[in-house]
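K.L.:
Whole structure, please, built from the sequences with the hints as guidance.
From first to last, the protein sequence lines stand for chains Z and B.
Taking our numbering, the leading residue of the first sequence gets 1, the next gets one more, and so forth.
Taking our numbering, the leading residue of the second sequence gets 431, the next gets one more, and so forth.
Check each hint, because a few of them may be wrong.
[To be verified] Counterexamples of contact, computed for chain B against chain Z with all Cβ distances above 12 Å:
1) H539
2) T584
3) A650
4) G691
5) H722
[What the hints assert, rightly or not] Derived DMTMM-like pairs: lysine to aspartate or glutamate, alpha-carbon spacing no greater than 20 Å straight-line:
6) B:K699 <-> B:D521
7) Z:K125 <-> Z:D115
8) B:K451 <-> Z:E186
9) B:K555 <-> B:D545
10) B:K451 <-> B:D529
11) Z:K21 <-> B:E616
Don't read these hints as lab results, they were simulated from the structure.
For glycine and all other residues, C-beta sits at the position ideal for the given N, C-alpha and C.
Number of protein chains: 2
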Amino acid sequence: MDQFRVVIIGAGFAGLACARKLARRNCQVTVVDRSNHHLFQPLLYQVATAGLAAPAIAAPIRFLLRSFHNVTTLLAEVRNILPVERQVSLDDGSRLDYDYLVVASGASHSYFGRDDWAPHAPGLKTLADAQDVRRRVLEAFEYAERAATAAETTSWLRFVVIGGGPTGVELAGTLAEIARHTLPEEFRRIDSRQSEVHLLEASDRVLGSFPPALSIKARAQLEQLGVTVQTGMRVVDIDAAGVTLQDHTRLASHTVLWAAGVQASALGKLLDAPTDRSGRVAVQPDLSIESHPEIFVVGDLASATSHDMPVPGVGAAAKQMGITAARNILARQSNARTIPFVYRDYGMLATIGRNAAVGTVGRMQMSGRFAWLFWVCVHLFYLIGFRNRLVVLFDWAWAYVSFERSARVFTSEKATREATDGHASPPKPA
Amino acid sequence: MDQFRVVIIGAGFAGLACARKLARRNCQVTVVDRSNHHLFQPLLYQVATAGLAAPAIAAPIRFLLRSFHNVTTLLAEVRNILPVERQVSLDDGSRLDYDYLVVASGASHSYFGRDDWAPHAPGLKTLADAQDVRRRVLEAFEYAERAATAAETTSWLRFVVIGGGPTGVELAGTLAEIARHTLPEEFRRIDSRQSEVHLLEASDRVLGSFPPALSIKARAQLEQLGVTVQTGMRVVDIDAAGVTLQDHTRLASHTVLWAAGVQASALGKLLDAPTDRSGRVAVQPDLSIESHPEIFVVGDLASATSHDMPVPGVGAAAKQMGITAARNILARQSNARTIPFVYRDYGMLATIGRNAAVGTVGRMQMSGRFAWLFWVCVHLFYLIGFRNRLVVLFDWAWAYVSFERSARVFTSEKATREATDGHASPPKPA
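P.N.:
Right, dumping it as structure tokens:
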């Protein structure tokens, strides 16, 4: 029997799980990704806040797939998808033929039509994003130490996080810890404990996808750490000098981080299928699209339902979708019936800081130290690669006893010299 | 007694040692560096070859100096030195007054007047350099896997290292190991073992600063690893497609690394003192300059002699100079006589690959596995910070048993999309 060809676009949780499920089957699988590594996104905020080095949460895609000889990995950017020709075209002009296509290109952040905010409020989706955020956060304290006026010092010591979902909560909590526990001894002209961390959420509570009781607990734990939480507060403008809120309050700040909107990958628009407001592709119960049953859309790019509920954009769901898509490809190839996707919800977890987290497991709710320990164990368990688990465990243990953060290093020396967007420039003397 | 003011420019081995020696003395010390971290440069090639993560060999300068309350750290670029006014001016226009100035701004690579080679043959002095080299090396294999013609595959699988000093030897040896041991299983269209690594040295032997017998041994160990070594071979041109040698041979290669010339920091020219051909400042026996006894020049920027021999540009010498400068500042301040700098040479070591190294300790020469183990111990011992020692030890132990390299991650996704210098563009189909 001839081998059939599967192309998988994207090697996140969904794409990687799909490739693994198709390994050693009677098919030729090609995984295309524009970066060379699979990223463990749940820990990306720790790279951004200098707690972990980038390689600790990333592994080369072709290393993860090396022993599956029917799987080829290509570092490439997809330029176009041609559903009628059953081809994917790449950035070098070459084309890949497929019998089945799995689109798992994920999502990025969205500024709700205000892309001019992007240079002033970076989001957090890739390792490059995380290193940019890390540089800005560490530079802010450096510039505060050099600031010529009290107003400038305040602007550099004020951090604004926009969006109260898990990423925003994690960033805000960690920034407060850095200012309070990691840095105080190291500066001579400023007191890093006088930093302000503001968490702004447009809806009426943080962690909106969690049970309301846990939102309240999360907020209390954030405030305990020194974070100023404002809910029901929309941002109406962002520029290099700060943020304007809907009540016309102005927060002068040089370090604004974006953890609000999500926009699905633009590849979704190339498929002959309806997309929702955030660009996600409506899929059939078996995760294929109606017009092309040989095309599957999985992960954050898919707008799927399970038990009549929308499937959340989390790593566990992406992984499960990848596996279901692989199964359905094998089923379709052998003329069997495809199975509908069923999301198994194991719960949710969000960490806030040292000994502070909230989460659910089934119907059980937890918060505080126990939730935090549970979070640590779960994330170590799911982290890719035995080696990375040990590395991260060591870094966390070290951070726990020393309050030190092990990756407080940034490299873009140029940024300290050249003012690109008004942000990276050192404070001018008054 | 009034505290006197010392400004130290640069927090490499020399500057950091000087600051530490002045800690808790009756002076106000300001350390100015344009990056936020002290870098353990002897291991920089391991970051470049994906063996270590950047934070493993770097630590925040202000963290290293946090407990010395008379020492202030500033992240800033020095714009000018004004010896008459006894001031240093910074990039934000502010000025620092000093009673004593220590210039320890080191050296960078030099292209012998051919700066147009820089985009095609990156050097290795900063973490940003190392991450650029890492990206190019890892991308080369990726592009080879995608290449449309055999000639392009060969160009991507051919690595040229220019300069047979310790850095060139370390890079060439490690590249050969990666191609032979780390990557073979991971590619489907190419065989990474068919990579070529060329080491080109203009003089008649590699490791010219070592005893000739060790140069011969080093060359044999490199060839054993699969490196093609050419000595007495000058490069006459470098472009995006490869290297032209003095005998008109052409080596088609997209990955050329520069480990040849060294150029002292441009700050040396701002002092009222003679400089040599590579920009190093001629210093008095006590490391001050003749025209301004309150200015000391140390580390790679200084052209110093000891026992009538030029002091080599190595980390140990830089450290010792930093300490001597600090002592002489204290001596001068108390009107005591300054002491001349005496270099204590503990030997030299260069690593080539797994179980392969050469070195001297006093009159003893060593090579092979024993030299390599000695190299491992020495580098772990001198690495800054207990934590970093453990991290690097773990990474090395892991690499030794697994042949895997733990930091095979690069982040500049943009580089894979945009052709900047002809290097980063993916191969076009024929």
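K.L.:
Which earlier hints can't be squared with this structure?
P.N.:
none
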